[in-house]
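For the protein sequence lines, the chains are U and R, in the order given.
When we follow my numbering, the leftmost residue of the first sequence carries the number 1, and every step to the right adds one.
When we follow my numbering, the leftmost residue of the second sequence carries the number 576, and every step to the right adds one.
Please note: incorrect hints may appear among the correct ones.
With a cut-off of at most 20 Å between alpha-carbon atoms, the simulated DMTMM-like pairs for lysine to aspartate or glutamate come out as follows [stated by the list, open to error]:
1) R:K691 x U:D187
2) U:K4 x R:D749
3) U:K188 x R:E731
4) R:K579 x U:D294
5) U:K180 x R:E731
6) R:K596 x U:D294
7) U:K188 x R:E764
8) U:K21 x R:E833
9) U:K275 x U:D518
10) R:K915 x U:D249
11) U:K227 x R:E620
12) R:K597 x U:D249
13) R:K597 x U:E404
14) U:K22 x R:E799
15) R:K763 x U:E258
16) U:K21 x R:D824
17) U:K340 x R:D762
So, partial list: chain R residues that the calculated Cβ filter (under 8 Å) puts toward chain U [claimed, not checked]:
18) L578
19) N592
20) G893
Some chain U residues well away from chain R (every beta-carbon gap over 12 Å; in silico) [to be verified]:
21) E49
22) I52
23) V220
24) V247
25) D249
26) E258
27) R283
28) G383
29) N479
30) N536
No wet-lab data here; the hints were simulated from the structure.
No residue lacks a Cβ here, since even glycine has one placed at the ideal position from N, Cα and C.
Protein chains: 2
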Amino acid sequence: MDLKHADLVIKDVNVFNSYFKKFMHADVYIKDGKFLYIDQRSQNEVTAEKEIDGKGRYMIPGLIDIHMHIESSMVTPEAFCRYTARNGLTTIVSEPHEIANVCGKQGVEAMIRSGKKSPYDCFYAIPSNVPIMSRDFETSGGTISCRDMLELKEEENVICLGEVMNFREIIRDDSSEVAKFIGIIHDKEPNYPLEGHCPALVGSDLAAFLYLGIQSDHCVHDLEELKQRFENGMFIQLQDAMLNKEVIDYVCRNRLYEYFSFVTDDTLPDVLRNKGHLDAILRKAISLGMRAEDAIYCATYTPARRMNLSDRGVIAPGKVADFLLLDEVDTIRICSTYKKGRCIYDIERSGPDHDCYSLEGRFEETMRCRKLTEEDLKIHVPGKDRDVNVRTMKIDPSNNRTEEVFITMPVRNNELLWKESGAQLLLVIERHGRDGHIAIGFSCGSGIKKGACASSYSHDSHDLIVMGNDEADMILAANTIIDMQGGITAVLDGRITGKIALPIAGLLSRNSVEDTADAFETVRKAFLEQGYEHVNNIMNFTLLSLTCTPVLKLTDRAYLNTVTFEKPALYEEME
Amino acid sequence: MDLKHADLVIKDVNVFNSYFKKFMHADVYIKDGKFLYIDQRSQNEVTAEKEIDGKGRYMIPGLIDIHMHIESSMVTPEAFCRYTARNGLTTIVSEPHEIANVCGKQGVEAMIRSGKKSPYDCFYAIPSNVPIMSRDFETSGGTISCRDMLELKEEENVICLGEVMNFREIIRDDSSEVAKFIGIIHDKEPNYPLEGHCPALVGSDLAAFLYLGIQSDHCVHDLEELKQRFENGMFIQLQDAMLNKEVIDYVCRNRLYEYFSFVTDDTLPDVLRNKGHLDAILRKAISLGMRAEDAIYCATYTPARRMNLSDRGVIAPGKVADFLLLDEVDTIRICSTYKKGRCIYDIERSGPDHDCYSLEGRFEETMRCRKLTEEDLKIHVPGKDRDVNVRTMKIDPSNNRTEEVFITMPVRNNELLWKESGAQLLLVIERHGRDGHIAIGFSCGSGIKKGACASSYSHDSHDLIVMGNDEADMILAANTIIDMQGGITAVLDGRITGKIALPIAGLLSRNSVEDTADAFETVRKAFLEQGYEHVNNIMNFTLLSLTCTPVLKLTDRAYLNTVTFEKPALYEEME
Chain U
1 MDLKHADLVI
11 KDVNVFNSYF
21 KKFMHADVYI
31 KDGKFLYIDQ
41 RSQNEVTAEK
51 EIDGKGRYMI
61 PGLIDIHMHI
71 ESSMVTPEAF
81 CRYTARNGLT
91 TIVSEPHEIA
101 NVCGKQGVEA
111 MIRSGKKSPY
121 DCFYAIPSNV
131 PIMSRDFETS
141 GGTISCRDML
151 ELKEEENVIC
161 LGEVMNFREI
171 IRDDSSEVAK
181 FIGIIHDKEP
191 NYPLEGHCPA
201 LVGSDLAAFL
211 YLGIQSDHCV
221 HDLEELKQRF
231 ENGMFIQLQD
241 AMLNKEVIDY
251 VCRNRLYEYF
261 SFVTDDTLPD
271 VLRNKGHLDA
281 ILRKAISLGM
291 RAEDAIYCAT
301 YTPARRMNLS
311 DRGVIAPGKV
321 ADFLLLDEVD
331 TIRICSTYKK
341 GRCIYDIERS
351 GPDHDCYSLE
361 GRFEETMRCR
371 KLTEEDLKIH
381 VPGKDRDVNV
391 RTMKIDPSNN
401 RTEEVFITMP
411 VRNNELLWKE
421 SGAQLLLVIE
431 RHGRDGHIAI
441 GFSCGSGIKK
451 GACASSYSHD
461 SHDLIVMGND
471 EADMILAANT
481 IIDMQGGITA
491 VLDGRITGKI
501 ALPIAGLLSR
511 NSVEDTADAF
521 ETVRKAFLEQ
531 GYEHVNNIMN
541 FTLLSLTCTP
551 VLKLTDRAYL
561 NTVTFEKPAL
571 YEEME
Chain R
576 MDLKHADLVI
586 KDVNVFNSYF
596 KKFMHADVYI
606 KDGKFLYIDQ
616 RSQNEVTAEK
626 EIDGKGRYMI
636 PGLIDIHMHI
646 ESSMVTPEAF
656 CRYTARNGLT
666 TIVSEPHEIA
676 NVCGKQGVEA
686 MIRSGKKSPY
696 DCFYAIPSNV
706 PIMSRDFETS
716 GGTISCRDML
726 ELKEEENVIC
736 LGEVMNFREI
746 IRDDSSEVAK
756 FIGIIHDKEP
766 NYPLEGHCPA
776 LVGSDLAAFL
786 YLGIQSDHCV
796 HDLEELKQRF
806 ENGMFIQLQD
816 AMLNKEVIDY
826 VCRNRLYEYF
836 SFVTDDTLPD
846 VLRNKGHLDA
856 ILRKAISLGM
866 RAEDAIYCAT
876 YTPARRMNLS
886 DRGVIAPGKV
896 ADFLLLDEVD
906 TIRICSTYKK
916 GRCIYDIERS
926 GPDHDCYSLE
936 GRFEETMRCR
946 KLTEEDLKIH
956 VPGKDRDVNV
966 RTMKIDPSNN
976 RTEEVFITMP
986 VRNNELLWKE
996 SGAQLLLVIE
1006 RHGRDGHIAI
1016 GFSCGSGIKK
1026 GACASSYSHD
1036 SHDLIVMGND
1046 EADMILAANT
1056 IIDMQGGITA
1066 VLDGRITGKI
1076 ALPIAGLLSR
1086 NSVEDTADAF
1096 ETVRKAFLEQ
1106 GYEHVNNIMN
1116 FTLLSLTCTP
1126 VLKLTDRAYL
1136 NTVTFEKPAL
1146 YEEME
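Excised from the complex, chain U in its bound form:
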């Protein structure tokens, strides 16, 4: 091998040196997809087959997102990766627990296969809590056993264990499937990354979670929770909702750049198209006062190290030649994206994508429940006419926590009359072909105020969730989704005001990011017009079933208090 002759040289670039966290002017030589030589001293000791004029642009390592779920963008991995080369992504670690909850291990394997058609490295995390809770609490379509996890671990492109979410159970009891997996793997392979999810966990409980070998967290925290995590050596993945002046000041003041990376977690299709992806997070961090050099470091080198990807995340001899050319650093204005020395995005040659995509295998027709009828919406309360205290989930417009709030409603002729109460009726319908059970609850606060909405994309078991103020609208919203074999809808006065079809597992569109974002925006707009006031309204709606975030949630079984694991009743008699 002639190490004095390269395939490509990019002349005249300002190269980001990760070790010094600063830009240095150089010519950059690439051979066989790896950086060969960063010539800062114009020594011209190496020749190259091809030359590109960098025109003084800024060269930074390709962005690396180590905690995200492709499903939240509602497209296939192939469609996602083809699109997001423009966002500067060159490596992602996606955790496909959404599809795993619908289709099990086969769904995960199909995602891995689709990811192999990506222009960049699409790695995967093993879904660790599928379902999060046992059948007593929720019904998923698929399950992932310890044995499944061990098998997935051996798959090419699978590099870590995805977020362990049963954090309150696992520190008290070792019997869950993921606890078994950790017990087998952690002693043998202490370097294998075990990702966590532990909102609000502090003190000796947090220490116990870390003691078991789980090393990271990406949840939304207040500053005291964040401090405890850093102090105890937890690797922090900062997502958009965590970025504020206080947090940025804290991590910068303490120079914690080795111990956190930026991640996207969930990015809905319209946000992806309109705001961007990890590049948008970087822009936000910089706008909040972080030095661009430090922000870039935490989206390239730090995440690569966290995931044992020591072959990348930095522009240096021997490392994979994944890089971006920027016009401007502070705004992360990307001119082109290179993967293994090959251009996969160029702003001047890029057009829209209207292709169709699929997952290999049988992942459509997953809405295995009967249609909703008027009868299903009648809430039977035995006993004499009276008022009862009805338990509702109060939605906060600024975050995704819920609060338990009681609202008084009348019982007449054994039926609960809720329409005048100001609360919205909430149904979660088992849709995976088990028993079709319909759980009933209520929301108040920032839910939809007019008409109805429904979604088959509903964390984490992805049963069919329906919210509404009017029975007929709720039935139309739900049944439209069953007709489409998956999707999200909004309905008002008997008319569909917004819809997106998600026929793959009831989670993913067959379309490109552009086309999916168009459809998604109609739904977002309808949600807003019908009064669902929230910083991220559809997202918030799809989280009302999620059993690992506080406090009161509704699954296809019943209400669940996710802190105490009690299943409180729908109503209580007045005293």
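Let chain U serve as the given structure and place chain R on it in line with the hints.
Below, chain R alone, put in the same frame as chain U:
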């Protein structure tokens, strides 16, 4: 598992928090050899079986030395590790290429077995260049093939490839055994640490070395060489000889704490006993102006990360409970050393060690050469009587480089008369039972000025090296070593002035560190009294055969220019 109950609590300590690089007061709970909970807020949520009063002492992670050779301390791994618990070591990565050069893979395996008797973790690097050069250039007793390396890699406690030293060859040609190994391993396991050794390599040659996948260097460099290494992402291991104000200022000013660790490389027995080990390096770095917190970080967390030992190097929940209690931070005054939560050294209970040690297997009687005779020392130069220009290795008293210097000597009756020249005669005798060849050269500058010295410990092939001003003294020095089956000697006027027996492979003593240091000191003193003026005289003597450091060296074959790989003649005719 009850995570609210610990085995041990150390109350009232100032704990080094690696993430913030500062001390924080806490009670530290330990369970099953791992840290369970660092209670900084006196929350007392956890109980413990046993309690120790930390008395406000400083608790830091156990020290980790990732580049060192136990053989240089001339004792067995078991003796070394038992002794150095007092130096705060709790993890080492030793590269046993000295014994490999004498005994091959079996020697390495015996070192690994001995290391398992250590009170702390004694990991190993795979010797990568045994011998450094082919038989044309030097003769070793053992060789390590690519296949040997692959087999050693699978041994328990083997965690990296040891220093690749044929740096000038490997960047030009792929045929060496270590190049084959790297070709097989690096693509499959990009995280596997590949250690390097590349004095004076810069520019595109340095880049080529890194491009092949070798990631670190521990050699002695000037500041420009050091800068180029850091800029190109090389992991730097700073040894004692690299520590000066300029280097410390540079790494601190640029905050390069993630990219270098302190290492000892070679520590002779008396230095170990009188000055210490990695603890002494830390003291020196601190005395040169480095913050103690940063120095500790670079001897604990950074080396652990470099070696993928993510389970240690830091005091945090879930990490191995390896730690030291210090009376004073700046002087690293160690009161006690704990490994996996168990005390392995306590200053108040520690006594001297006079035990005997051995390596399991047949590693003695390795001096397989005949005794030296007067005839061997006659230097036959054919042709008429005349003066010739004799090539000598000039020894610099401040470092281990040599310089080529010519000295005029007379030839009379076909014999070279060197005694009045001021140069010392230097012999290297093949001692591994091959052909017993004796190579002849000369040293000048800082060599021994009176009498003779000899050593079977002589880098890297460990042939028998003899230096002297008097033939009879040289013969006595060499033959005493053959009688002892290994060792180092000094002789003056027919009397042995210093000797140490190294009967295990001609490299290691059977004694404890204390007793070995006593014997070694007699030799050191004799070297000095006989005029071997050098900052590290015995070490310097044993490096005169080393074929991977500049410039002129003498092996059992002949002179070798280690930069050009030419084998220059002993003398040149005058013009």
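Status of each hint after checking the structure:
1. With a C-alpha separation of about 19 Å, the suggested pair R:K691 and U:D187 falls inside the 20 Å cut-off, and the hint holds.
2. For the proposed pair U:K4 and R:D749, the alpha carbon gap of about 14 Å is at most 20 Å, so the pair holds.
3. The straight-line distance between the Cα atoms of U:K188 and R:E731 is roughly 12 Å, inside the 20 Å bound, and the hint therefore holds.
4. For the given pair, R:K579 sits about 38 Å from U:D294 by alpha-carbon distance, which is inconsistent with the 20 Å threshold.
5. Restraint check: the Cα-Cα separation between U:K180 and R:E731 comes to about 25 Å, which exceeds 20 Å; the hinted pair is violated.
6. A hinted pair counts as satisfied when its Cα atoms are at most 20 Å apart, and R:K596 with U:D294 qualifies at roughly 18 Å.
7. Straight-line distance between C-alpha atoms of U:K188 and R:E764 comes to about 17 Å, which keeps the hinted pair within the 20 Å bound.
8. A hinted pair counts as satisfied when its Cα atoms are at most 20 Å apart, and U:K21 with R:E833 qualifies at roughly 12 Å.
9. Simply put, U:K275 and U:D518 have alpha-carbon atoms about 14 Å apart, close enough for the 20 Å limit, and the pair holds.
10. The suggested pairing of R:K915 with U:D249 is violated, with an alpha-carbon distance near 37 Å, which exceeds 20 Å.
11. Between U:K227 and R:E620 the CA atoms are separated by roughly 19 Å; this keeps the pair inside 20 Å, and the hint holds.
12. With a CA separation close to 19 Å, the supplied pair R:K597 and U:D249 stays within the 20 Å bound.
13. Note on R:K597 and U:E404: the hinted pairing is violated, with a Cα-Cα distance of about 42 Å set against a maximum of 20 Å.
14. In summary, the hint linking U:K22 to R:E799 is supported, as the alpha carbons are separated by about 18 Å, within the 20 Å threshold.
15. For the hint linking R:K763 to U:E258, the alpha-carbon distance of about 26 Å lies beyond 20 Å, and the restraint is violated.
16. With a C-alpha separation of about 18 Å, the suggested pair U:K21 and R:D824 falls inside the 20 Å cut-off, and the hint holds.
17. Note on U:K340 and R:D762: the hinted pairing holds, with a Cα-Cα distance of about 14 Å set against a maximum of 20 Å.
18. About 4 Å separates the beta-carbon of R:L578 from the nearest beta-carbon of chain U, less than 8 Å, and the hint is met.
19. A distance limit of 8 Å between C-beta atoms decides the matter here; for R:N592 the minimum to chain U is near 6 Å, and the interface restraint holds.
20. At its closest, the beta carbon of R:G893 sits 5 Å from a beta carbon of chain U; the interface hint therefore holds under the 8 Å criterion.
21. Every CB of chain R is more than 12 Å from the CB of U:E49 (nearest about 16 Å), matching its label as outside the interface.
22. No Cβ of chain R approaches the Cβ of U:I52 within 12 Å, the least distance being about 19 Å, so the stated non-interface status holds.
23. Residue placement check: U:V220 keeps its beta carbon more than 12 Å from all beta carbons of chain R (closest about 21 Å).
24. For U:V247, the requirement that its beta carbon stay farther than 12 Å from each beta carbon of chain R is met, with the minimum near 16 Å.
25. Consistency note on U:D249: stated as away from chain R, and its beta-carbon is indeed over 12 Å from all of that chain's, at 15 Å minimum.
26. With a closest Cβ-Cβ approach of about 6 Å to chain R, U:E258 is found to fall inside the 12 Å limit, against its non-interface label.
27. At roughly 25 Å from the closest C-beta of chain R, the C-beta of U:R283 stays outside 12 Å, upholding its exclusion from the interface.
28. The non-interface label for U:G383 is consistent with chain R: the shortest C-beta to C-beta separation is roughly 44 Å, beyond 12 Å.
29. At the 12 Å boundary, the C-beta of U:N479 stays outside the reach of chain R, the nearest C-beta of that chain being 48 Å off.
30. Every C-beta of chain R lies more than 12 Å from that of U:N536, the closest at about 31 Å, which supports listing it as non-interface.
In this structure, the earlier hints numbered 4, 5, 10, 13, 15 and 26 are contradicted, and the remaining ones agree with it.
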